[in-house]
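Place chain B on chain A using the hints.
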Amino acid sequence: MTFEDCYQAHRRRVYQWALRYGGGKASWAEDLTQDVFLRLLEHFPRLDGHHDLGGWLYRVTANLALTRLRTERSWVGRLRRLLGAEEADAVEGPPDLALVREEEAGEVLATLQSLPGQERVVLCMKVLEGKTQKEIAQVLSLSEGYVSKLLTRAWAHVSEAGWEVDHAEG
Amino acid sequence: MPKGNFDAALKAVDGRFEDALSSAADARLRRVLLEAQRPPTRKRTWAIAATVVAACATFLLLWSGGAPRGPLMAGGLAIENLSGDLRYAEGKDRTVTIESGTAALSHPSFAGFAEVASKASFLREGDDLRLVEGKARFVIGKRGTKGPVRILVSHGAIEIVGTQFTVYQGVDGGRVELNEGSIRFVSLDGRSFLLQPGQTLRWPQDLNPPPRTAEKVLPAAPTQTTEEPAVFRAQPSRPPVVAKAPSTIRTLEEEQIDSAALLQRVNMLRSRGQFGEAATTLEAALEAGYRPVTRERLSYELGSIYTRQLTDSAKACAHWRAHILRFPSGRYDQEVIAAQVELGCPAVP
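First to last, the protein sequences are chains A and B.
Using the working numbering, read the first sequence as starting at 12 and increasing by one per residue.
Using the working numbering, read the second sequence as starting at 2 and increasing by one per residue.
Just so you know, these hints were derived from the structure itself, not from any lab.
Each statement offered as a hint is correct.
Listed below are the simulated EDC-like cross-link pairs for lysine to aspartate or glutamate, each with C-alpha atoms no more than 20 Å apart in a straight line:
| hint | chain 1 | residue 1 | chain 2 | residue 2 |
| --- | --- | --- | --- | --- |
| 1 | B | K136 | B | E178 |
| 2 | A | K145 | A | E155 |
| 3 | B | K4 | A | E114 |
| 4 | B | K120 | B | E100 |
| 5 | B | K12 | A | E118 |
| 6 | A | K142 | B | E19 |
| 7 | B | K4 | A | D177 |
| 8 | B | K4 | A | E118 |
| 9 | A | K160 | B | D8 |
| 10 | B | K316 | B | E297 |
| 11 | B | K4 | A | E115 |
| 12 | B | K120 | B | E91 |
| 13 | B | K136 | B | E126 |
| 14 | B | K316 | B | E343 |
| 15 | A | K142 | B | D15 |
| 16 | B | K120 | B | E178 |
| 17 | B | K136 | B | D173 |
| 18 | A | K142 | B | D8 |
| 19 | B | K120 | B | D86 |
| 20 | B | K4 | A | E171 |
| 21 | A | K160 | A | E171 |
| 22 | B | K12 | A | E114 |
| 23 | B | K4 | A | E175 |
| 24 | B | K93 | B | E134 |
| 25 | A | K160 | A | E140 |
| 26 | B | K12 | A | E140 |
| 27 | B | K12 | A | E175 |
| 28 | B | K12 | A | D177 |
| 29 | B | K12 | A | E115 |
| 30 | B | K136 | B | E116 |
| 31 | B | K120 | B | D173 |
If we strip away everything but chain A, and leave its shape as in the complex, we get (with noise of 0.2 Å):
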């Protein structure tokens, strides 16, 4: 297989990923999903033709994600944002209105965005994704108690803003 054919094939679902780590930012998600690419592109050659190459961009889809999350809330990050280099992206949300028009879906993408990145990742990875947490602690090289605590957290997070929760017990 090639590398463009792996592209065609996975194109759609790593960005459909990249949508939800980013709460639904489609220029947030175009970034991801290139980076994720220009990684495929590099180990590209290593990878063999018994490799779960969907596992390997689902790993590489969140941790890059929760790279760039983490990057976003550095200093650098609130250094930009201070400058005003990033005020595009502070006014954008809820954002893609092409996307999401309706108020409660709206209201969801800002909650999501609230979100610190891990709890971001690790939310839509159990919810959307179900994942258990032990799976979700492989993915993102987390101990797996760790991972409960940032569903915990995420879900209080959640709560505070207004919804009813499943799942308080993380």
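Relative to the frame of chain A, chain B by itself:
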């Protein structure tokens, strides 16, 4: 008061993220990935110099607050700086003029992009893009459900089926040169001109009303309707075409005109959502004794309908397999393989 169940609301929103990758974003991603696959051609010293320059630029960007990632925005258009030395200006009427450098322009409703390597002006008009003046090469991806992508020019609009072409718009007129695919020029008075690869249409001269010995003669296909456009033929010296039944012996030129009209009809059926009828038309045409080059195109279109519109995986896989056997090393190999991968077709033993 609680807003509702978060899980349910999140899952409802997530449903919209499926298949949300737009053609324009896909085209941008492909371009970046293609660029990344090109082997470096400069000498090492240049690479070191470029690294130093990039490091300095990064430092300056951080120092000045940094520039946002992704394309620049002007006049509702996303502009990508492809050459690194892009200069552009936005006029009061939101016209965007590329003054120097190479750029790719697009907007969210435009399924493709315009690549500009010389001075050219553009204006976004709703879902369409107007080339106000200058020259640009357009690369258009797959259409969505919103109808054809349109490029507006001084004397009409160019409707695109999925293709590559170059448009030149001067002060009093212009031309479009079709490199690949199929486009239709719709003049301001509503007449249609279908172009085939390699043809050029100039305005206003090619749009003048035809003499009484009509140059534009439609091949009289059985299911033809009055909505169908005239087929544009680039050389005015060509003799009028007499329509013949598909099974009679035709010149290549006649066959091209016939097949263009046929594809036009198929596209019309597709745009109306009559995919079954479009597939039946193509299936019949494939039995009508066209030359291999024409049959290959028709077969490709039929496979696309099975794959994209009728979403009949079994039929599509069988069709693509037969297509590859009939047209080994064909023009659409890459697209056919991509479709097979996407459908998960079983490997051919």
